[in-house]
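Chains P and C are the protein sequences, given in the same order.
Here the first sequence stands for residues 0 to 550, numbered as in numbering that gives the first Met the number 0.
Here the second sequence stands for residues 0 to 336, numbered as in numbering that gives the first Met the number 0.
These aren't lab readings, by the way, just hints derived from the structure by calculation.
Owing to the predicted nature of the structure, the values given are computational and were not obtained by experimental measurement.
Just so you know, even glycine gets a beta-carbon here, dropped at the ideal spot from N, CA and C.
Please note that the accuracy of each hint is not assured.
[Stated by the list, open to error] What the simulated footprint calls covered on chain C by chain P, stretch by stretch (three residues with Cβ under 8 Å from a Cβ of chain P suffice, anywhere in the stretch; the number is not a length):
| # | segment |
| --- | --- |
| 1 | 8-20 |
| 2 | 76-85 |
| 3 | 284-293 |
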Amino acid sequence: MNFKYFIKYLSYGFFAGAIALSPVTVFGQVKNPGLLVHAADDEPTTLDPAQVEPGEGGETIILQVYDRLLDIGPASAALIPSLAVEIPSLSNGGISEDGLTYTFKLRAGVTFHDGTSLTADDVKYSWDRAMEMNLPEGNAGALSDVIASTEIIDDLTFRVNLSEPSASFLNSTVVSMVASVVSQDAVEANGGVKVETPNRFMAGNMVGTGPYKFVVWNRNENLQLEVNESYWGDNAKLDVRIEIGGDPDVRVLGLRAGEFDTIETDPSFIADLEGADGVTIYTGGLLLEPLHIGFNLNIPKGSLPDGDTISEDFFHDPRIRQAFNHAFDYQAFLNGPLAGYGAFNPHYTPIGIFGHDADAPVYSEKNYAEAERLFREAGVWDEGFAVSVITEEGNLFALMCLVLKDSIERLNPNFRINVLAVAESVFDDAHAQNPLEYAMWAKNADPAADPNFYMQAYQHPDGEWGEVHGFANGYRDAAKVGELIDSAATELDPAKRSAIYRELQTILYDDPMWLIGAQEGVVMAHRDWLKGFAMQPLWPRPSLKFSFFDK
Amino acid sequence: MQLRDYIIRRLMVLPILILGVSIVVFTLTRVGGSPIGIYLSHEMTPEEVLKIEERFGLDKPVLVQYIQWLKGIVSGDFGWSGVASAPVAEVFPIKLAATLELATAAGLVALFLGITLGTFAGARRNRFPDHLTRIVAVSGASLPQFWFGILLLIIFWAQLGIAPIGRSDATIFASISHPTGLYTIDAILAGSIRALWDAIWHLILPALTLGYGATAIIARMMRSALVEELQQDYVDAARAKGLAEKLVIKRHARRNALVPTITVIGLTFGFLLQGTITIEIIYRWPGIGRWMADSVLRGDQATLMTYVLFTSVLFLLVNLIVDVIYANLDRRVTLGK
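This is chain P alone, in the form it adopts within the complex:
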């Protein structure tokens, strides 16, 4: 045989071998045994609990690798012990009579992934670290806004002194990702703590006590975790590989092919997955991130985009804000962009958290007659108006704006809504300005486990958005709204607290500062072979804890 034929037959052999050795699928057979492959929507920006922003991709990983003192179980919103052996309460002495001191008894024998033992010193160090670093992109305020000081009582007892009683301390502060407990030794050996300066080691590495150990993060590609065999609780069953980003259609294909066990998707892909062999679509919950459009009552003179004809005090009139709420076609938004997965929540308490009143009035149906009456009363019906709404391009927010445009312009041809759909970075830049140079913007709320967060951030006249949007310029009784929100924040009696939120939900229906398009439904698809699947909207998105899964 000459060389030419040798090469020819060698290449035939190569291709035949390639086919023979390739990972041929036997349909129905579990792929990647021992490994959970999760296809995520986006990349973490950091893995450091002190730096991560609420709702951001890094929280997903922090949830799996770090522990907190308390946790939320998969089955209900009730708290469960984690690194603390019991939930502090007035009855067990964990909460002082004045509601200002919380004492946590820690679990003995817990070790970090670097082999060091967990003590109260680590907990104090972790919390103090986040507050001292005070990174603008992080959530240190969740701790520093309520904590006056932290103390070590003994190796296994940690105490927190609050600046004022907080009804939401356990539910929103202790379980938040910024309150995760990190290895003091690991941090000190890698840069320590510097004020307002990120720790580069901690941003890309993790040393926690959780059911998973961090292995590697290949940027824009994947992130790998392995089972922590020395975990203090029940061991996880599967190692994890998180495939990052990429085309959403490819994620859907990968799930159908069995290459991915779980994928993050949105309602627009449901049609591609319905009826697929071996795929289960989970639609059992609601995200705690209502999709909203904000009304700006603090517009600087002459700053609105070209084409806007409204006056700067346009949204000061509650009738106009109500009219917008009545005119929006909620059902079109729910059945169109959300593919039917979602619900409508009152202002501003999402369904699924404490304080939500199922009987509270809700904007959920288009009511053109009422909208017309209110616009006429406000004196803008005949003259009409043009106003812009800014949002990110190519997502649900932009679609919500288009539904608003359609709803308002159909109501009256003299009304004009200009949808400014821009790149995410442009939107974030515009959105961070104070005062804001747009009359309206669309986004979703940050998620939280307690109503106080939503009320403070999105409704309080002196709160984060209340200040930027100038809510004090528009509430019929701004002082009363502020007082009610403040009193609910410190009311430790759940019944009384619930009653305050009930009253607030009615007041805010009549005096809305937002248009809430919908509370988006959870849409998650996974392979049938995945056992122990559980979702908890109170966990950071995608609301999954991988340690429960097996296959």
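Dock chain C against chain P, hints included.
This is chain C only, laid out in the frame that chain P set:
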């Protein structure tokens, strides 16, 4: 002027050119707006935005920002990539290697298929195999890559399960060191057949998709050149000597037809590098194309400036090398005038 003097003079001018390029790159990027957006989250307060601006030096005048950026480049700090959540200097070589590996593999596919198909068609001019090959070639040039890529993915990955996606099996990839960043080369250096097989196996579909488009160009060129060569007198002479048609084509005509084809092959590599963006997105290939696409969409200016500066400097260097080679090959070219 002596060649050595010419090279020294060009090398001395190079830093000035690079400085000029850096000014253009910085200015053009800033015309598009502030780079702050990628570092912000939508719930930041104005005070928090100010802190972020301070951290990245964006609170200073633009001229100071430019000088800081330039200083950073000199010291190897190209800024922070908001898309990759890591320093640009750390990620850039890894991504670049992944893209070069894919483009090279696709180039090999295009070369092999293009020359084979072109020869096959040229030798059977205006017969059925020629028409068939033309269809294959034209379809390669006209099928949108994203469509063809998804089609292959559906068939070979999703339906048949015989092809993988991504660049590697994560476990096998982690089992060897990566001194060059080129997975195939690293596998060979590590002496790992398993890793080499994994690298090749992951390259097949994306390289085929990317290479197919370029195959058409090479095949068409090869066919035309071969048809032309087959009409030459020396071919008739070879046939008259009684040489078998196969030998006439392989030993004589094809060899000469390759000369113009090689020019096209050189140009094709640039086409392949551009084409990696779509392929990397579809096949989840962690290369520079996907990174750049994300960076453009999300306004990651640190990454974009590094990429543009890198390609500009590369262009300057290649230009210098080409000039030197020209001067060396063609003595009529006078240096330095």
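Against the structure, the hints:
With 0 residues carrying a beta carbon less than 8 Å from a beta carbon of chain P, the segment 8-20 of chain C misses the three-residue requirement, and the given coverage is violated. Using a Cβ-Cβ cut-off of 8 Å, 5 residues of the segment 76-85 of chain C lie near chain P, which meets the minimum of three, so the contact claim holds. Look at the segment 284-293 of chain C against chain P: 4 of its residues bring a Cβ nearer than 8 Å to a Cβ of that chain, three or more, so the hint holds.
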